[in-house]
Amino acid sequence: MEVKLRPFDFAQAAARAGLSVNGTPLTNAATRAAAASATAAAPVGQNFGDAMVQALKSVSAQQHEVSRLQREVQLDNPTVSLEETMVAMQKAQIGFQATLQVRNRLVSAYSEIMNMQI
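When we follow UniProt numbering, the leftmost residue of the sequence shown carries the number 1, and every step to the right adds one.
For the record, the hints were derived by calculation from the structure and aren't laboratory data. Please note that a few of the clues may not be correct.
Stated by the list, open to error - Straight-line C-alpha distance at most 20 Å; calculated SDA-like pairs for lysine to any residue:
1) LYS57 <-> VAL73
2) LYS57 <-> ARG68
3) LYS57 <-> MET89
4) LYS91 <-> VAL107
5) LYS57 <-> ALA98
6) LYS57 <-> THR99
7) LYS57 <-> LEU82
8) LYS91 <-> ALA55
9) LYS91 <-> LEU56
Start from the sequences and build out the full structure, keeping to the hints where you can.
Take a look at the structure:
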(Lines of atoms letter the chains of each structure in order from A; the text may use other names.)
(Lines give C-alpha, C1' and ligand atoms only; values in the text may rest on other atoms or scores of the structure.)
Protein backbone atom coordinates (compact mmCIF):
# COMPACT_ATOMS: atom_id res chain seq x y z
CA MET A 1 0.00 0.00 0.00
CA GLU A 2 1.42 3.34 -1.03
CA VAL A 3 0.45 6.43 0.93
CA LYS A 4 0.87 9.86 -0.59
CA LEU A 5 0.75 12.89 1.66
CA ARG A 6 -0.20 16.31 0.42
CA PRO A 7 2.18 19.18 1.25
CA PHE A 8 1.22 21.01 4.42
CA ASP A 9 0.55 24.73 4.02
CA PHE A 10 1.62 26.30 7.33
CA ALA A 11 0.40 29.81 6.44
CA GLN A 12 -3.06 28.56 5.53
CA ALA A 13 -3.30 26.38 8.66
CA ALA A 14 -2.19 29.25 10.88
CA ALA A 15 -4.77 31.56 9.31
CA ARG A 16 -7.52 28.98 9.84
CA ALA A 17 -6.42 28.66 13.48
CA GLY A 18 -6.68 32.43 13.94
CA LEU A 19 -2.93 33.04 14.06
CA SER A 20 -0.62 34.96 11.81
CA VAL A 21 2.38 33.13 10.38
CA ASN A 22 4.57 34.42 13.22
CA GLY A 23 2.14 33.07 15.84
CA THR A 24 0.44 36.25 16.98
CA PRO A 25 -3.35 36.07 17.39
CA LEU A 26 -5.51 37.87 14.86
CA THR A 27 -8.69 39.85 15.46
CA ASN A 28 -11.93 38.56 13.91
CA ALA A 29 -11.78 40.91 10.92
CA ALA A 30 -8.08 40.25 10.49
CA THR A 31 -8.67 36.49 10.69
CA ARG A 32 -10.92 36.49 7.65
CA ALA A 33 -8.53 38.73 5.72
CA ALA A 34 -5.50 36.64 6.67
CA ALA A 35 -7.23 33.39 5.75
CA ALA A 36 -8.05 34.80 2.33
CA SER A 37 -4.58 36.25 1.78
CA ALA A 38 -2.78 33.15 3.11
CA THR A 39 -4.59 30.99 0.61
CA ALA A 40 -3.84 33.39 -2.23
CA ALA A 41 -0.31 34.36 -1.16
CA ALA A 42 1.07 30.91 -0.30
CA PRO A 43 3.51 29.69 -2.92
CA VAL A 44 2.23 26.62 -4.74
CA GLY A 45 5.41 24.58 -4.29
CA GLN A 46 6.12 25.50 -0.65
CA ASN A 47 6.59 22.42 1.50
CA PHE A 48 6.13 21.95 5.22
CA GLY A 49 9.84 22.08 6.01
CA ASP A 50 10.27 25.45 4.32
CA ALA A 51 7.22 26.82 6.12
CA MET A 52 8.53 25.59 9.47
CA VAL A 53 11.95 27.13 8.85
CA GLN A 54 10.32 30.43 7.92
CA ALA A 55 8.10 30.36 11.03
CA LEU A 56 11.05 29.51 13.31
CA LYS A 57 13.11 32.33 11.82
CA SER A 58 10.22 34.72 12.44
CA VAL A 59 9.91 33.65 16.09
CA SER A 60 13.67 33.93 16.53
CA ALA A 61 13.69 37.42 15.00
CA GLN A 62 10.90 38.49 17.37
CA GLN A 63 12.86 37.24 20.36
CA HIS A 64 16.02 39.04 19.22
CA GLU A 65 14.02 42.25 18.77
CA VAL A 66 12.61 41.90 22.29
CA SER A 67 16.11 41.41 23.68
CA ARG A 68 17.23 44.56 21.92
CA LEU A 69 14.25 46.52 23.26
CA GLN A 70 14.86 45.25 26.79
CA ARG A 71 18.49 46.30 26.59
CA GLU A 72 17.47 49.77 25.38
CA VAL A 73 14.96 50.16 28.23
CA GLN A 74 17.61 49.12 30.76
CA LEU A 75 19.97 51.73 29.32
CA ASP A 76 17.23 54.40 29.71
CA ASN A 77 16.96 55.10 25.99
CA PRO A 78 14.22 57.76 25.72
CA THR A 79 13.16 56.59 22.24
CA VAL A 80 12.09 53.13 23.50
CA SER A 81 9.04 52.97 25.74
CA LEU A 82 8.39 50.37 28.38
CA GLU A 83 4.90 49.79 26.93
CA GLU A 84 6.33 49.05 23.48
CA THR A 85 8.78 46.61 25.04
CA MET A 86 6.07 44.83 27.05
CA VAL A 87 3.84 44.44 23.98
CA ALA A 88 6.77 43.06 21.98
CA MET A 89 7.54 40.64 24.83
CA GLN A 90 3.95 39.35 24.81
CA LYS A 91 3.98 38.91 21.03
CA ALA A 92 7.24 36.99 21.21
CA GLN A 93 5.87 34.84 24.04
CA ILE A 94 2.73 33.98 22.06
CA GLY A 95 4.81 33.13 19.00
CA PHE A 96 7.07 30.90 21.07
CA GLN A 97 4.11 29.14 22.70
CA ALA A 98 2.53 28.54 19.29
CA THR A 99 5.81 27.09 18.04
CA LEU A 100 5.97 24.81 21.07
CA GLN A 101 2.42 23.58 20.43
CA VAL A 102 3.26 22.82 16.79
CA ARG A 103 6.32 20.90 17.92
CA ASN A 104 4.30 18.96 20.51
CA ARG A 105 1.69 18.01 17.93
CA LEU A 106 4.36 16.95 15.44
CA VAL A 107 5.99 14.72 18.06
CA SER A 108 2.60 13.29 18.99
CA ALA A 109 1.71 12.60 15.34
CA TYR A 110 5.10 10.99 14.75
CA SER A 111 4.62 8.77 17.81
CA GLU A 112 1.18 7.71 16.61
CA ILE A 113 2.50 6.87 13.15
CA MET A 114 5.39 4.88 14.59
CA ASN A 115 2.99 2.90 16.82
CA MET A 116 0.67 1.98 13.92
CA GLN A 117 0.57 -1.66 13.05
CA ILE A 118 1.02 -2.55 9.41
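Going through the hints against the structure:
1. LYS57 <-> VAL73: With Cα atoms ~24 Å apart, LYS57 and VAL73 exceed 20 Å; violated.
2. LYS57 <-> ARG68: OK: LYS57 and ARG68 at ~16 Å, within 20 Å.
3. LYS57 <-> MET89: Answer holds: LYS57 to MET89 is near 16 Å, not above 20 Å.
4. LYS91 <-> VAL107: violated (24 Å)
5. LYS57 <-> ALA98: Holds, because 13 Å separates the two Cα atoms, which is no more than 20 Å.
6. LYS57 <-> THR99: holds (11 Å)
7. LYS57 <-> LEU82: violated (25 Å)
8. LYS91 <-> ALA55: holds (14 Å)
9. LYS91 <-> LEU56: holds (14 Å)
The earlier numbered hints that this structure contradicts are 1, 4 and 7.
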